Amino acid sequence: MQSLTNRSKVVVHKEMTFWERLYLPAVFKGMWITLKHFFRTLLKGPSTVRYPEEKRPFAPIWRGWHVLKRDEEGRERCTACGLCAVACPAEAITMVAAERQKGEEHLYREEKYAAVYEINMLRCIFCGLCEEACPKEAIFLTDRIVPADYVRQNFIFGKDLLVEGIEPEKRIDVSKRQKHLTEKQAVPS
Amino acid sequence: MLILFTTALLIEKSILVLALFLVTLGVAAYATLAERKVAAAMQDRVGPDRTGPFGILQPIADGVKFFMKEDFMPNSAERWLYILAPGAFMFVACMTSAVIPWGTQLTLFGRPIDLQVADLNIGILYILGFTSLGVYGVMVGGWASNNKYSLYSAIRASAQMISYELAMGLALIAVVMFTGTLSLREMAEQQAGLNWNIWYQPLGFLIFFVCALAECNRAPFDMAECETELIGGYHTEYSSMKLGFFLFAEYINMFIACAVIAVVYFGGYNFPGLDPSWLGGLMGLVVMLAKTFFFIFVFMWIRWTLPRFRYDQLMQLGWKTLVPLALANMILTGGFVLLFGK
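In the order they appear, the protein sequences are chains Z and D.
Numbering-wise, the first sequence is residues 1 to 189 according to my numbering.
Numbering-wise, the second sequence is residues 190 to 531 according to my numbering.
The set of hints was computed from the structure by calculation and includes no laboratory data.
All values derive from a computational prediction rather than experimental measurement.
Even glycine gets a Cβ: it sits at the ideal position worked out from N, Cα and C.
It is possible that some hints are incorrect.
Keeping only pairs whose Cα atoms sit at most 25 Å apart, straight-line, the calculated PhoX-like set for lysine-lysine is [said to hold, decoys possible]:
#, chain 1, residue 1, chain 2, residue 2
1, Z, 102, Z, 112
2, Z, 29, D, 202
3, Z, 179, Z, 69
4, Z, 14, D, 509
5, Z, 159, Z, 170
6, Z, 176, Z, 136
Sample of chain Z residues lacking proximity to chain D, with all beta carbon distances greater than 12 Å (derived) [as the list claims (entries may be wrong)]:
#, residue
7, 27
8, 34
9, 49
10, 77
11, 99
12, 160
Here are a few chain Z residues that face chain D, going by a calculated C-beta distance under 7 Å [stated by the list, open to error]:
#, residue
13, 30
14, 31
15, 38
16, 41
17, 46
18, 47
19, 48
20, 181
21, 185
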């Protein structure tokens, strides 16, 4: 029968030759390989990364822990329109909308805002459809890893974990992600 | 005069025994770290490095951890045998180092001092005897655990030890015929300079080395442990320091096996240019330890290269290959000794 790929190998149950039955040549060959690895590791260092101390750069397309952005004046951009929740294929996003009261103009950009905004990180599949759906450029996926936890309840991230801080140093940079998204949208589909 | 002599001898031997005991335990402890480091380097990783620089405190941390763990005993275990087994294994492992000559005679305070606890004239028989006792720890431990995996492991271990001890003994007989002595010190003394037994007994060395791997339950012959099929084998049901004893004793066994290989085949403390002065004697000790450590490295090297043998392959190799080879080696050696003398 003709094989579909060129990777298939015909199995031959042949008797082992004298050299093969000696085992020793094969043993020494194997030991030579491990010895090469041994000295390469000793001289050039291991090929592993000591993770918590040493971090590798994320790819620009990496999608991790979401952030709810504020505008330049520190007001929340989210208006609780619910498009992200509709777009979400995993139904991970829930929110409760509320009306902005007088005196809260410095907190929320528009008249409506999300009083509660929750993402269940166990449901989330980090597809990024929410950021594509968002008309206000409020939600972005960042290069932060969602930490592990022991309790399921703790994976429901509320606004305390999602909204970025007001102070400039607590702002989360999403420029790379924004650039990637615009480039992606520029491609005619 | 006699009393003085006896006291001096007693003090000397006590110090030697204590030093040897400490060195053995220290080497075994650091062999565990070395094993992990060697494994890591061969697999392009770092290995333990969280406890002190290069992880040098790891054995101490392991020891502390072993003592802090719950000492669990299964309900259905044979109580006394279960407790006895790790101790017996450890005791036997520590006993064998007594007859190994670690260096030449030193002269300290006007007394000649052998760097050897006991120069038995049947040193090799002593070692063979004690290594075969070593299987009792495994066997009793496996039996007393009352667990089918442990029992399988015990059966395998005893069958393996019996099979490989045969070839090991036959390989050693060739050396004994060649050197004409059973004492390890005399054997070492005959191999002055580079006149090592390995040049005359290469096949014997190979057989002995393979058997030593099997006797130490080291990969590729670790049929008794077999994490993948016997989930640890004879020490499945052990925890805390009892488990620690089993694991530790294996490393002691490895150290002793490597020392025996160094003495019997690689000239022990001999190296070209060994002079019997004080400094030369110490150098001999260093050379002896260096040879031993090299073989420990080779043991680890093999462990992280070769996969485990199947049980029937193990028996096939033992009975159908090593024993006939060892017999042929013995007959050839006997013929040569008869024809040409030593």
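Going through the hints against the structure:
no. : hint             : in the structure
1   : 102(Z) to 112(Z) : holds (12 Å)
2   : 29(Z) to 202(D)  : violated (46 Å)
3   : 179(Z) to 69(Z)  : holds (16 Å)
4   : 14(Z) to 509(D)  : holds (21 Å)
5   : 159(Z) to 170(Z) : holds (15 Å)
6   : 176(Z) to 136(Z) : holds (17 Å)
7   : 27               : violated (7 Å)
8   : 34               : violated (5 Å)
9   : 49               : violated (10 Å)
10  : 77               : holds (43 Å)
11  : 99               : holds (54 Å)
12  : 160              : holds (33 Å)
13  : 30               : holds (5 Å)
14  : 31               : holds (5 Å)
15  : 38               : holds (5 Å)
16  : 41               : holds (4 Å)
17  : 46               : holds (5 Å)
18  : 47               : holds (4 Å)
19  : 48               : holds (5 Å)
20  : 181              : violated (37 Å)
21  : 185              : violated (42 Å)
Of the hints listed earlier, those the structure fails to meet are numbers 2, 7, 8, 9, 20, 21, in rising order.
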